[in-house]
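Asks: So the chains spell out like this:
There are 2 protein chains.
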Amino acid sequence: MKFIIIGGDAAGMSAASRAKRNKPEMSVCVYEQTQDVSYSACGMPYNIADAGRDIDDLVVRKAKIFREKQDIDLKTGHRVESIDPVNKTIMGLNSQGNKFTDNYDALLIATGASPIIPDVPGFDLPGVFALKSLGDGRKIKEFLSSETKSAIIVGMGYIALEMAESFHHRGISVQMIKPRPQLLPWLSRNLANRIQNELTEHGVQLFDGHPIEGIESFDNQLKVISKDISLTGDIVLAAIGVFPNSQMAKAANIKTGPSDSILVDSTMATTENNIYAAGDCASAFHTVSKKQTWIPLALYANRGGWTVADNVCNKKKYIPGVLGTAVFKVFNLQVARTGLNMAEAKKFGFEPVEMVIQSRSRAHAHPGSGKIDVSMVGDLSTGKLLGVQMVGEEGVAHRINAPAIALHAKMSVEEFALSDLAYAPPFSPVWDPMLTAANQLLKKMS
Amino acid sequence: MKFIIIGGDAAGMSAASRAKRNKPEMSVCVYEQTQDVSYSACGMPYNIADAGRDIDDLVVRKAKIFREKQDIDLKTGHRVESIDPVNKTIMGLNSQGNKFTDNYDALLIATGASPIIPDVPGFDLPGVFALKSLGDGRKIKEFLSSETKSAIIVGMGYIALEMAESFHHRGISVQMIKPRPQLLPWLSRNLANRIQNELTEHGVQLFDGHPIEGIESFDNQLKVISKDISLTGDIVLAAIGVFPNSQMAKAANIKTGPSDSILVDSTMATTENNIYAAGDCASAFHTVSKKQTWIPLALYANRGGWTVADNVCNKKKYIPGVLGTAVFKVFNLQVARTGLNMAEAKKFGFEPVEMVIQSRSRAHAHPGSGKIDVSMVGDLSTGKLLGVQMVGEEGVAHRINAPAIALHAKMSVEEFALSDLAYAPPFSPVWDPMLTAANQLLKKMS
Chain A
1 MKFIIIGGDA AGMSAASRAK RNKPEMSVCV YEQTQDVSYS ACGMPYNIAD AGRDIDDLVV
61 RKAKIFREKQ DIDLKTGHRV ESIDPVNKTI MGLNSQGNKF TDNYDALLIA TGASPIIPDV
121 PGFDLPGVFA LKSLGDGRKI KEFLSSETKS AIIVGMGYIA LEMAESFHHR GISVQMIKPR
181 PQLLPWLSRN LANRIQNELT EHGVQLFDGH PIEGIESFDN QLKVISKDIS LTGDIVLAAI
241 GVFPNSQMAK AANIKTGPSD SILVDSTMAT TENNIYAAGD CASAFHTVSK KQTWIPLALY
301 ANRGGWTVAD NVCNKKKYIP GVLGTAVFKV FNLQVARTGL NMAEAKKFGF EPVEMVIQSR
361 SRAHAHPGSG KIDVSMVGDL STGKLLGVQM VGEEGVAHRI NAPAIALHAK MSVEEFALSD
421 LAYAPPFSPV WDPMLTAANQ LLKKMS
Chain B
1 MKFIIIGGDA AGMSAASRAK RNKPEMSVCV YEQTQDVSYS ACGMPYNIAD AGRDIDDLVV
61 RKAKIFREKQ DIDLKTGHRV ESIDPVNKTI MGLNSQGNKF TDNYDALLIA TGASPIIPDV
121 PGFDLPGVFA LKSLGDGRKI KEFLSSETKS AIIVGMGYIA LEMAESFHHR GISVQMIKPR
181 PQLLPWLSRN LANRIQNELT EHGVQLFDGH PIEGIESFDN QLKVISKDIS LTGDIVLAAI
241 GVFPNSQMAK AANIKTGPSD SILVDSTMAT TENNIYAAGD CASAFHTVSK KQTWIPLALY
301 ANRGGWTVAD NVCNKKKYIP GVLGTAVFKV FNLQVARTGL NMAEAKKFGF EPVEMVIQSR
361 SRAHAHPGSG KIDVSMVGDL STGKLLGVQM VGEEGVAHRI NAPAIALHAK MSVEEFALSD
421 LAYAPPFSPV WDPMLTAANQ LLKKMS
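Order-wise, the sequence lines are chains A and B.
Final position of the first sequence in the numbering used here is 446; the numbers increase by one with none missing.
Final position of the second sequence in the numbering used here is 446; the numbers increase by one with none missing.
Keep in mind that a hint or two might mislead.
Since the list gives no way to pick one copy over another, a pair counts as held whenever it fits inside one copy or between any two copies.
Stated by the list, open to error - Here are the simulated lysine to any residue pairs, SDA-like style, with alpha carbons at most 25 angstroms apart:
hint: 1; residue 1: Lys346; residue 2: Ile295
hint: 2; residue 1: Lys290; residue 2: Glu415
hint: 3; residue 1: Lys290; residue 2: Leu183
hint: 4; residue 1: Lys75; residue 2: Pro181
hint: 5; residue 1: Lys317; residue 2: Asp54
hint: 6; residue 1: Lys317; residue 2: Leu442
hint: 7; residue 1: Lys290; residue 2: Lys410
hint: 8; residue 1: Lys371; residue 2: Asn332
hint: 9; residue 1: Lys255; residue 2: Ser146
hint: 10; residue 1: Lys316; residue 2: Asn273
hint: 11; residue 1: Lys371; residue 2: Glu394
hint: 12; residue 1: Lys443; residue 2: Val242
hint: 13; residue 1: Lys149; residue 2: Asp50
hint: 14; residue 1: Lys132; residue 2: Gln35
hint: 15; residue 1: Lys62; residue 2: Gln205
hint: 16; residue 1: Lys444; residue 2: Ser226
hint: 17; residue 1: Lys317; residue 2: Lys444
hint: 18; residue 1: Lys227; residue 2: Lys316
hint: 19; residue 1: Lys99; residue 2: Gly370
hint: 20; residue 1: Lys23; residue 2: Trp431
hint: 21; residue 1: Lys371; residue 2: Ala326
hint: 22; residue 1: Lys290; residue 2: Ile254
hint: 23; residue 1: Lys290; residue 2: Asp136
Hints in this document: simulated from the structure, not taken from any laboratory.
Taking the hints into account, I'd like the entire structure generated from these sequences.
Replies: Here it is in structure tokens:
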């Protein structure tokens with residue numbers, strides 16, 4: 001039994017480790033095109049923020065450990081280029097330029113995602129970067145110096161925002177530009193406005209609704225050009241999003257789903273026998289919409305790797321749906337979401353009602369309290385909770401897990417409103433902001 | 001229709017306000033024995049910690065507002081002394097020493113709880129206090145001065161611990177003593193030990209297993225005497241627990257339940273017609289054990305008040321069970337629980353299995369991470385989650401709400417382990433500590 005894994009980050013190495021734990025006698029081989037495996041990609045903005053920290057601090061487990069302690073045949077510098085599902089082989093090219101082939105009994109495609117680079121001139125200029133792999137992070141860190149005074153970030157998603165804070169932390173002024181209008185269009189307006197203010201207060205300049213025509217280099221600086229404005233900076237970061245690395249899978253006639261992600265079922269199996277996909281290249285089932293979706297996030301990658309390993313080892317395991325539960329930090333704000341927002345809920349045929357409230361992070365009269373904004377969406381026809389978003393200085397990141405569990409449990413807004421949540425003055429009002437939102441939403445729904 | 005409420009704190013004033021919102025024409029009369037209504041009792045330790053803050057900052061809504069804006073007939077300084085359920089009357093004594101009587105159509109008993117005072121000499125000495133009412137807090141605050149150098153706290157429950165921090169914050173050294181052995185016996189041992197270390201590191205001395213024989217006064221100080229040791233301090237706080245104020249209800253032939261709390265059904269109705277109870281004097285249905293219990297906490301008091309008001313106004317409302325979800329702060333630690341611990345689970349006939357893990361509050365390599373200890377209890381026979389406890393420097397207070405929702409939803413440990421929780425490096429490892437606990441517990445249960 002030979003289990004081959006293409007890709008050595010979260011999903012790939014989770015699968016490899018778990019397969020060896022499940023069946024130590026199994027032959028497990030991982031092909032990774034770079035030299036980096038098993039690192040915390042999400043930690044890169046925070047590492048880049050601190051010039052004194054080595055980017056390799058983000059490596060969770062070294063290649064040597066996988067090879068020597070876990071008996072995983074980990075081949076770094078090996079880029080798999082094609083899959084032949086009929087003959088159960090893979091073919092590729094290693095970093096020495098040599099071709100290689102291998103045969104599998106089971107295959108996991110964990111090729112991740114790649115940054116979207118706008119198809120306009122100049123994104124290949126020196127000083128223009130994307131941030132997805134540890135190699136990207138390393139290059140940015142090597143580029144940054146005391147001479148770097150200004151950064152232009154193309155995109156305003158959560159990685160773009162984390163990088164805005166990261167640059168700001170290093171004393172680099174930040175301008176952000178994106179082709180489409182609105183900061184965080186998926187976020188309820190009140191909540192997005194609060195983030196906009198937070199960015200502005202930290203001197204970050206926002207230019208939304210400006211399609212990029214190209215980047216030019218002059219005078220040792222870079223100029224990001226759009227129709228009506230052009231921004232000048234020492235470094236440019238392209239952070240407008242990622243796309244799943246599904247080209248090789250498609251070439252092997254494996255079906256793709258939303259956003260061209262590799263379609264998987266609840267065992268993480270693709271449409272081809274004995275071929276699985278997991279991580280940022282794979283689709284996911286959304287628990288609330290009950291539709292396939294593509295939400296590339298770390299926990300799903302790790303859990304997907306485990307699920308594949310268990311199924312490859314004949315321990316039938318099903319992965320439950322995702323909710324898109326996510327949190328990120330922007331300067332002093334925590335931003336979190338789970339489930340569907342209004343637009344998504346409408347798209348999926350619900351009868352959504354939204355309540356947006358502002359409450360406080362601590363009890364009445366308790367010092368140090370901050371504002372928490374909550375958007376809660378319920379379904380008028382069934383009474384069910386559909387999604388929650390929150391923004392606040394404190395207590396948002398972990399609060400979001402409660403409605404996430406409620407969505408898994410298909411709770412109604414009323415059931416959620418009646419739940420027994422924790423209260424102590426330093427941590428919450430008696431009525432937690434989520435309960436206040438639920439109580440108000442219930443009134444609106446009745 | 002006349003609705004009479006005995007007691008003007010959380011449950012009583014919530015009920016009064018909601019009844020007037022529901023039915024503005026209803027006659028609502030509240031009898032409160034003190035002059036204080038609607039205050040944040042839980043905030044008292046934090047207020048006492050700060051000599052510069054007025055204790056009346058804790059008043060959420062002033063009597064004047066209830067009377068003038070909400071048209072509630074609020075009678076402070078009126079102590080109700082007996083209830084006659086047959087004639088639907090109450091009788092009492094006001095602060096001027098005058099007797100009063102009144103007739104109700106519906107009655108809410110919201111008499112709260114009182115501190116347990118050990119039946120040994122000396123607890124009535126000047127300088128010996130309890131802390132339950134705002135009046136208690138006021139007296140303590142008036143007593144404390146720059147001359148107060150040392151405090152002895154009798155009891156080690158969460159109010160005792162909050163007050164230890166409060167005294168410490170004012171530069172007062174703290175000794176704590178309790179009759180029975182063990183700090184926080186309801187907490188999993190690893191977790192309790194961490195709290196013990198935290199207290200010790202802050203100079204708090206703990207003496208458990210020392211039955212108190214009395215308190216004596218000498219040399220302007222107080223001596224708390226037990227068989228083998230005696231502790232000397234400038235102030236003594238009795239914080240060994242509270243008991244429900246159910247004496248008057250019992251005298252009116254209303255049935256009581258666990259810990260002598262007034263037995264209520266899911267509409268908060270007592271065993272007597274048209275008489276309800278809510279707040280710290282009332283029993284509660286425990287969602288996990290499916291038994292009546294008595295857990296006097298603020299959210300249940302407020303929610304109970306609402307439930308009574310709705311039922312009095314013929315909007316049939318049911319209050320769901322409680323989980324005993326609670327959180328408190330001890331110096332730099334957050335301590336939280338929801339559901340049953342091992343001993344409780346055994347007592348209620350489950351086949352409990354406990355997993356205790358230690359994880360981190362932030363991602364691998366993210367600076368500022370602290371340890372989070374999690375105890376998770378599952379039921380071997382059904383696979384259900386039964387309870388969770390957590391201790392850590394950050395991220396514990398709100399994390400506990402996720403398993404609370406899971407307990408309401410009667411989730412299995414496996415379902416919880418597969419849930420989509422939030423992850424970002426500043427807030428959590430990829431596998432949230434609760435997921436790690438659930439994954440490990442699952443292994444132990446399989």
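Asks: With reference to the structure, classify each hint as holding or not holding.
Replies: A quick look at each hint next to the structure:
1. For the homomeric pair Lys346 and Ile295, the shortest alpha-carbon distance inside one copy (19 angstroms) is at most 25 angstroms, but the shortest distance between copies (42 angstroms) is not.
2. In this homomeric assembly, Lys290 and Glu415 come within 25 angstroms of each other (Cα to Cα) both inside a single copy, at 21 angstroms, and across copies, at 17 angstroms.
3. In this homomeric assembly, Lys290 and Leu183 never come within 25 angstroms of each other (Cα to Cα): the closest approach is 27 angstroms inside a single copy and 48 angstroms across copies.
4. For the homomeric pair Lys75 and Pro181, neither the shortest alpha-carbon distance inside one copy (44 angstroms) nor that between copies (58 angstroms) is at most 25 angstroms.
5. Neither within a single protomer nor between protomers do Lys317 and Asp54 lie at most 25 angstroms apart by alpha-carbon distance, with minima of 38 angstroms and 59 angstroms respectively.
6. Taking the shortest Cα distances, Lys317 and Leu442 sit within 25 angstroms of each other only across copies (14 angstroms), while inside one copy they are farther apart (37 angstroms).
7. Taking the closest pair of Cα atoms, Lys290 and Lys410 come within 25 angstroms of each other both inside a single copy (12 angstroms) and across two copies (22 angstroms).
8. When the C-alpha separation of Lys371 and Asn332 is checked against a cutoff of 25 angstroms, the pair qualifies both within a copy, at 12 angstroms, and between copies, at 23 angstroms.
9. Taking the shortest alpha-carbon separations for Lys255 and Ser146, neither the intra-copy value of 48 angstroms nor the inter-copy value of 76 angstroms comes in at or below 25 angstroms.
10. Proximity of Lys316 to Asn273 under the C-alpha cut-off of 25 angstroms is restricted to the intra-copy arrangement: shortest distance 15 angstroms within a copy versus 56 angstroms between copies.
11. For a Cα distance limit of 25 angstroms, the shortest separation of Lys371 from Glu394 qualifies both inside one copy, at 9 angstroms, and across copies, at 19 angstroms.
12. Proximity of Lys443 to Val242 under the C-alpha cut-off of 25 angstroms is found in neither arrangement, the shortest distances being 40 angstroms within a copy and 36 angstroms between copies.
13. Taking the closest pair of Cα atoms, Lys149 and Asp50 come within 25 angstroms of each other only inside a single copy of the chain (15 angstroms); across copies the shortest separation is 44 angstroms, beyond that limit.
14. Within a single copy, Lys132 and Gln35 get their C-alpha atoms as close as 14 angstroms, which meets the 25 angstroms cut-off; across copies the closest is 63 angstroms, which misses it.
15. Proximity of Lys62 and Gln205 under a CA criterion of 25 angstroms is satisfied in neither setting, with 39 angstroms inside one chain copy and 45 angstroms between copies.
16. When the C-alpha separation of Lys444 and Ser226 is checked against a cutoff of 25 angstroms, the pair qualifies neither within a copy, at 43 angstroms, nor between copies, at 59 angstroms.
17. In this assembly of identical chains, the alpha carbons of Lys317 and Lys444 lie at most 25 angstroms apart only when taken from different copies (18 angstroms versus 41 angstroms within one copy).
18. Taking the shortest Cα distances, Lys227 and Lys316 never come within 25 angstroms of each other, neither inside one copy (55 angstroms) nor across copies (62 angstroms).
19. Taking identical chains as interchangeable, the C-alpha atoms of Lys99 and Gly370 are never at most 25 angstroms apart, the minima being 59 angstroms within one chain and 47 angstroms between chains.
20. Proximity of Lys23 and Trp431 under a CA criterion of 25 angstroms is satisfied inter-copy only: 23 angstroms between copies versus 49 angstroms inside one chain copy.
21. In this assembly of identical chains, Lys371 and Ala326 lie within 25 angstroms of each other by CA distance both inside one copy and across copies; the values are 20 angstroms within and 22 angstroms between.
22. In this homomeric assembly, Lys290 and Ile254 come within 25 angstroms of each other (Cα to Cα) only inside a single copy, at 22 angstroms, whereas the closest approach across copies is 50 angstroms.
23. When the C-alpha separation of Lys290 and Asp136 is checked against a cutoff of 25 angstroms, the pair qualifies neither within a copy, at 35 angstroms, nor between copies, at 55 angstroms.
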